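S.K.: Below, each chain spelled out in residue letters.
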Amino acid sequence: MMLSINDVVKRFGNYTAVDHLTLEIPEKQMFGFLGVNGAGKTTTFRMILDLLKPTSGEILWQGRKISYKDSHMIGYLPEERGLYPKLKVSDQLVYLGKLRGMAKSDAKKELKGWLDRFGVSEYYDKRIEELSKGNQQKIQFIAAVIHKPKLLILDEPFSGLDPVNVEVLKRAVIELKDQGVSILFSSHRMDHVEELCEHLCIMDRGKPLLTGSLKGVKGAYRRKTVFVNGDFNTADLVALPGVLGCRKDNRGAYLKIENEAVSQEIFQELAKKGFVRSFAIEEPSLNDIFIDKVGRANE
Amino acid sequence: MNKFWIILTHTYLSKLKSKSFIVTTSIMVVLLIGATNINNIINYFNKDQHDKIAVIDKTGHIYKPLAAQMKKTAADIKLVAFNKGANQAEDKVENGTFTGYMIIKENDKGVPSANYYAMKITDENTSGQVKQALQQIKVMKATQNLGLDPSKVAEVYSPVDFNKTALDKSAKNEKELTQARVIVYVLVLLIYMTVLMYGSMIATEIATEKSSRVMELIVSSVSPVKHMLGKVLAIGLLGLTQYLVFILVGYSSVKAGQSQTANGTFNITNYLDINNLPTETIIFAVVFFFLGYFFYATLLAMIGSLVSRVEDVGQAISPITMLVMATFFIAMYGLFSNPESPFITVMSFIPFFTPIIMFLRIGMLSIPLWEIGISVVIMLASIILLISIGTRIYKGGVLTYNSGSMIKLLKGALKVTKES
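Protein sequences appear in the order of chains Y and A.
Just so you know, we're using the numbering used here here: the first sequence kicks off at 271 and counts up by one.
Just so you know, we're using the numbering used here here: the second sequence kicks off at 1105 and counts up by one.
So that you can see chain A by itself, here it is in the shape it has in the complex:
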């Protein structure tokens, strides 16, 4: 078997079987199931406790429409007409029969107002729902008082019809743009997470081999190129495995959640029409994801080979995480402000930012294929450059055990390399 495959399978399998991987994956799976079923979980706990609110209606004619309105908008809050005084209502709230009570009054112009009393007023949700319902009643009453036709009022409040149409045939329409925003957002998060989690895993892995001094044995039997690429690919595969688990669990959990609550409010398809994603966008997402991964992974592998102690890894890779964060902010500017600005265009050709920013431009604008081609070529070239620099300082790096600033380490390793 080729030594590259030996390193790849060994790294992949030993990481896959490691306790830390199993534990983090399980925690993430549990969180994922929780997040996708958050409505069901909240409903489950709230099932038996419908909020009951006593209503002391001083006007005598507001309770009925209010209760009807509440039934429409917030069925889980039950209003109960209460005929006795405020003191009795307070007792009932204290002994837990009611969540709270409210007194509805009316001024001389017939405009309703209310006072809401509860043991605690931290629950914005319940009082908010009631307030909203009462607001509706108020609007109704006020329009009636003015002698207006309610349907006319509805016309006043209805939103204006404002349609945007791009004259350039190739430009994206509003729906496509929303879609692109979501995909770019997802990709940004994905690359950010991947660099943070798996990139630092690679750096740590290599620094561990170096600090345990097993590296000298390894580089005496395998060439640094094979070793480095084997590690980068193995951790990449590990990441894909983990993502695959998340996607499968997330998807089936969303499906299961939906069948339980037919009108589930959490529904990703509201935001992203998965079935209608342009294949082009998906292909570019995959291409730029992998380009981004390999770029950052080789960079971090290189850094891992320079530090002498595992404890120094975090500090050494912080400039890289900072760069990814900067990319994140640039992407946010491009997404929500102006993807066509020259700043974004320039950034999309700089290797550190290309994977995300160029993909952002592909998603948001219609840019000519040659621009995409150039950025891919730049990416590939810089990855190859990084690999060749990386493997060169690799031998120097793994045989020197200096400490100090990154620049000093890099200089030291390059010196050893140049001399060898």
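Just chain Y, with the same shape it has in the complex:
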């Protein structure tokens, strides 16, 4: 395990931002932090980066604490984006690269490579304030990865981007993972996490609600949805034992069930009713799991 968070608590006065968080984050994979605003994601990242000290517990990276000596191996995209507005892209990133232990010439070369990749090489000599928000975000992303970090922390990397640029950045992130970079990222967009992460942790008000591999989380989630489309009224199916709810749209009915066994009973029942056009058990999306878990925790 490359990054282990051991029973970490972080309090700000009376407010507990992170409450007994224990995580093992595997190497060379993508790890997703999920949670609503204020769940403690950014505070956890800041503690991993040693910007904040935990109230109790410890965080170890490859068996030791992260310090400024490691800064050349760590990349960080803060949630609050920020660059020097008056500085040219090149000056800016060379400076930030140098602060992460790069040589000037390497930083320039890497920067040019990344700008080419994002199709914005003409920004090399532009000032940050002249760029659009989305393009500033690309530059911010380059600032996090220019020095080829081993551990990359991305706090809401895709927020505020249009779909095209989300794809561009996503591809870059996947490529970095394939090169062996360990990536931690937070999001409240479930689809991104579902698409990118092998492992994840759902946080709610500082507490980890659910941790594990994506498959494990999904497999362990017993509540599934049954999709039914037939030439009959499906309303009375809700009355069956084990059916938790029903949602309808033009395509048919979606029945929430307690566990897979219930689907068999529904199938039997349907057979008596008439012609069934379609019957399917759908895997829960991460979104469903998230809303269900966080929603229930807040009840």
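Treat the hints loosely; a few may be bogus.
[What the hints assert, rightly or not] With beta-carbon atoms standing in for the labels, derived distance ranges:
| no. | chain 1 | residue 1 | chain 2 | residue 2 | range |
| --- | --- | --- | --- | --- | --- |
| 1 | A | Phe1433 | Y | Lys382 | 51 to 59 Å |
| 2 | A | Ile1478 | Y | Lys374 | 41 to 49 Å |
| 3 | Y | Asp395 | A | Met1429 | 41 to 49 Å |
| 4 | Y | Arg441 | A | Leu1489 | 49 to 57 Å |
| 5 | A | Ile1478 | Y | Gly450 | 23 to 31 Å |
| 6 | Y | Lys374 | A | Ile1488 | 31 to 39 Å |
| 7 | A | Leu1300 | Y | Gly333 | 49 to 57 Å |
| 8 | A | Val1329 | Y | Lys382 | 29 to 37 Å |
| 9 | A | Met1429 | Y | Met272 | 38 to 46 Å |
| 10 | A | Phe1447 | Y | Asp289 | 52 to 60 Å |
[Stated by the list, open to error] From chain A, some residues computed to sit far from chain Y (all C-beta separations above 12 Å):
| no. | residue |
| --- | --- |
| 11 | Ile1110 |
| 12 | Ile1126 |
| 13 | Ile1145 |
| 14 | Ala1190 |
| 15 | Met1223 |
| 16 | Thr1247 |
| 17 | Asp1253 |
| 18 | Glu1320 |
| 19 | Val1326 |
| 20 | Lys1330 |
| 21 | Ile1387 |
| 22 | Ala1389 |
| 23 | Pro1472 |
| 24 | Leu1473 |
If you are wondering where the hints come from, they were derived from the structure by calculation, not from laboratory data.
Everything numeric in this text was worked out from a predicted model, so none of it was measured.
Backbone N, C-alpha and C fix where the C-beta goes; we use that ideal spot for every residue, glycine too.
Please build the complex by placing chain A on the supplied structure of chain Y, with the hints as guidance.
M.R.: For chain A alone, coordinates are given in the frame of chain Y:
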């Protein structure tokens, strides 16, 4: 390269290349050249326009000595004897031939008096010169009337010989004191200016990094101590660079001005004998200047890390500028009233005031070395203390974006720090 040097060189160079720095430096250079050559500039504009004054001498014997006197004291004002009446003289003033005209009369005791007429009487200089010359003539006439020997009169008016001698061998003599006053004055101004200009630059610089949120990226790659000291030193170097430019320009401009007007009235060496400055005083001036700079710079860096918006910097640092101003007034009291008062002595050991007040005492009095030593140690200790407090609240400060009073901000930052 060490990260401290990266921050130092980056800050220094980007500030040096910034438009605002180049513009302010150029403006100051132009002003400096102007100020050091003010006499030449005034002379240049006045070259062709010697003031001409028509003199209608009703007495018939005052014009000659008056003109002679004027030639001695104010060669740029020309007196012309005018034989026609006042009306004609007035016409000539109106058409610009003369600047003004005057009528000289004499009472029955032979004491002269004059009426001066000009289009405007805002020019105190011209009429004043004439008045002074006439005063001389009056004194001469009056003494003659009394039958006194003019040389005896000169004796009456000559100033008394009053010499002060300090009995304490180590005390400063009058000349040294004047010198010390000038140096202390210069140092006070220098520290005041430096704190105002560069101190606030540091606070603004850090507040800008914070408000543009680039700070989180910076403090995740560099330790706050390095960042803060890098900034403080870089801006200090920037200040020295600017001062160096001013000194070079000022010096060469004074030199050039002097060669043009051999008897130039503006001559700093009249007040300050540069060649005879005691090296001791210079060394202490430099030492206390740097101590003062680092003390105030770290203090202001700390304040800069607490505010969230650049707009709040001015308000946040105003207590500090107030303190520097207070120092200025204390220094003035010490310089011109009583440098030996216990008040001044106590003040010279309080860090905020030490750089200026202790230097004032060094310049004006002869204080034992151990006192200077203690004050330097106090200064160094408080600078180190400020740096350690500063870097501690730095992380807390740059990660919290509260607004409110300085005390509230400080408390908030300290809380974050204590908890981290």
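S.K.: Just checking, Asp1253 (chain A) versus chain Y, shortest CB gap more than 12 Å?
M.R.: holds, 78 Å
S.K.: With respect to the beta-carbon atoms only, verify the hint that Lys374 (chain Y) and Ile1488 (chain A) lie 31 to 39 Å apart.
M.R.: At 33 Å between Cβs, range holds.
S.K.: Hey, is Ala1389 (chain A) genuinely clear of chain Y, shortest beta carbon separation above 12 Å?
M.R.: holds, 36 Å
S.K.: When you take the CB atoms of Phe1447 (chain A) and Asp289 (chain Y), is the distance between them in 52 to 60 Å?
M.R.: holds, 57 Å
S.K.: Taking the closest pair, is the beta carbon of Ile1126 (chain A) still more than 12 Å from chain Y?
M.R.: holds, 14 Å
S.K.: Grab the minimum beta-carbon distance between Ala1190 (chain A) and chain Y and tell me whether it stays above 12 Å.
M.R.: Its Cβ never comes within 12 Å of chain Y, the nearest being 69 Å, so this holds.
S.K.: Go ahead and decide if the range 49 to 57 Å is satisfied by the Cβ distance of Arg441 (chain Y) to Leu1489 (chain A).
M.R.: The hint (49 to 57 Å, Cβ to Cβ) holds, given that Arg441 (chain Y) and Leu1489 (chain A) are roughly 51 Å apart.
S.K.: Does Val1326 (chain A) clear chain Y by more than 12 Å, comparing its Cβ with all Cβ atoms of that chain?
M.R.: violated, 6 Å
S.K.: Measuring Cβ to Cβ, find out whether Ile1145 (chain A) lies farther than 12 Å from everything in chain Y.
M.R.: Per Cβ check, Ile1145 (chain A) is outside 12 Å of chain Y; nearest 38 Å; holds.
S.K.: A range of 23 to 31 Å was offered for this pair. Does it hold for the Cβ distance of Ile1478 (chain A) and Gly450 (chain Y)?
M.R.: Between Ile1478 (chain A) and Gly450 (chain Y), where Cβ atoms are some 59 Å apart, the hint is violated.
S.K.: Please test the hint of 51 to 59 Å on the beta carbon pair from Phe1433 (chain A) and Lys382 (chain Y).
M.R.: holds, 57 Å
S.K.: Honestly, do Val1329 (chain A) and Lys382 (chain Y) meet the 29 to 37 Å range at C-beta?
M.R.: Taking Cβ atoms as reference, Val1329 (chain A) and Lys382 (chain Y) lie about 33 Å apart, which means the hint holds.
This entry does not satisfy hints 5, 9, 11, 18, 19, 20, going by the numbered hints stated previously.
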